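Model the full structure from these sequences, guided by the hints.
Its first residue numbered 1, the sequence shown is counted upward by one per residue in the UniProt record's numbering.
Where hints are given, some of them may not hold.
Label-pair distances were calculated between CB atoms; the ranges are [what the hints assert, rightly or not]: (1) Thr47 x Asp2: 30 to 40 Å; (2) Gly93 x Asp2: 27 to 37 Å; (3) Gly139 x Asp87: 18 to 28 Å; (4) Gly80 x Lys144: 30 to 40 Å; (5) Ala90 x Ile21: 25 to 35 Å; (6) Gly36 x Asn11: 37 to 47 Å; (7) Glu15 x Pro127: 34 to 44 Å; (8) Ala113 x Arg9: 22 to 32 Å.
Please keep in mind that the hints were generated in silico from the structure rather than gathered at the bench. For clarity, every value in this text was computed on a predicted model and none was experimentally measured. Just so it is clear, CB atoms sit at the ideal spot from N, CA and C, and this is done for glycine as well.
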Amino acid sequence: MDYPALSARINALTEGETDQIALMATLACEIHHSDGRFDWTGFYRVTAPEVLKIGPYQGGHGCLVIPFSRGVCGAAARSGQVQLVADVDAFPGHIACASSTRSELVLPVRDGAGRLIAVLDIDSDQPDAFTQADATALGDILDKVFRRTGGMHDPSLASRRAAPA
1 MDYPALSARI NALTEGETDQ IALMATLACE IHHSDGRFDW TGFYRVTAPE VLKIGPYQGG
61 HGCLVIPFSR GVCGAAARSG QVQLVADVDA FPGHIACASS TRSELVLPVR DGAGRLIAVL
121 DIDSDQPDAF TQADATALGD ILDKVFRRTG GMHDPSLASR RAAPA
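Shown next as structure tokens:
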């Protein structure tokens, strides 16, 4: 996997963009199509306390809602830590959105203010498909892209703050 090329491509495609959904859609597409190991690639967004809902993704249908208390995505959201799962059948409470999934990599996604806004979930039909190098490189890409959102400099948030209640 050529992560420097993927990072450069994503940076070029997303330069200047701060809309989180647009960024998630672009990243899901680019990441998914960059590596044959990736059978499902997408974001689960934090939409309420302790609740993840499906966001932009590539692949078959995903689960619509995942509580922080369940599954690999919930564990990543709850702990704020990357979840690198070599065998999903051995993960307590794994949610099988697709029965073909054998391994999974889930990374927390934080905005520029450090708030958890989503998790990036990547599933593979291959066992032990992901490495710490994958987690590190993808984490760096997420940090670079999403650190420009959610802070005072995010124009989409500024307009919402300025609107009368």
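Using the Cβ atoms, figure out if alanine 113 sits within 22 to 32 Å of arginine 9. 26 Å, holds
At the C-beta level, are glycine 36 and asparagine 11 separated by a distance inside 37 to 47 Å? 23 Å, violated
Cβ separation of glutamate 15 and proline 127, checked against the hinted range 34 to 44 Å: Hint holds: Cβ distance 37 Å, inside 34 to 44 Å.
Take a look at whether the Cβ-Cβ distance between threonine 47 and aspartate 2 falls inside 30 to 40 Å. Holds - the Cβ-Cβ distance for threonine 47 and aspartate 2, about 34 Å, lies within 30 to 40 Å.
25 to 35 Å was suggested as the range; check whether the CB atoms of alanine 90 and isoleucine 21 agree with it. 33 Å, holds
Does the Cβ distance between glycine 139 and aspartate 87 fall inside 18 to 28 Å? 22 Å, holds
Is the gap between the beta carbons of glycine 93 and aspartate 2 within 27 to 37 Å? Taking Cβ atoms as reference, glycine 93 and aspartate 2 lie about 34 Å apart, which means the hint holds.
Confirm or reject the claim that glycine 80 and lysine 144 have a C-beta distance inside 30 to 40 Å. 18 Å, violated
In summary, the numbered hints that this structure violates are 4 and 6.
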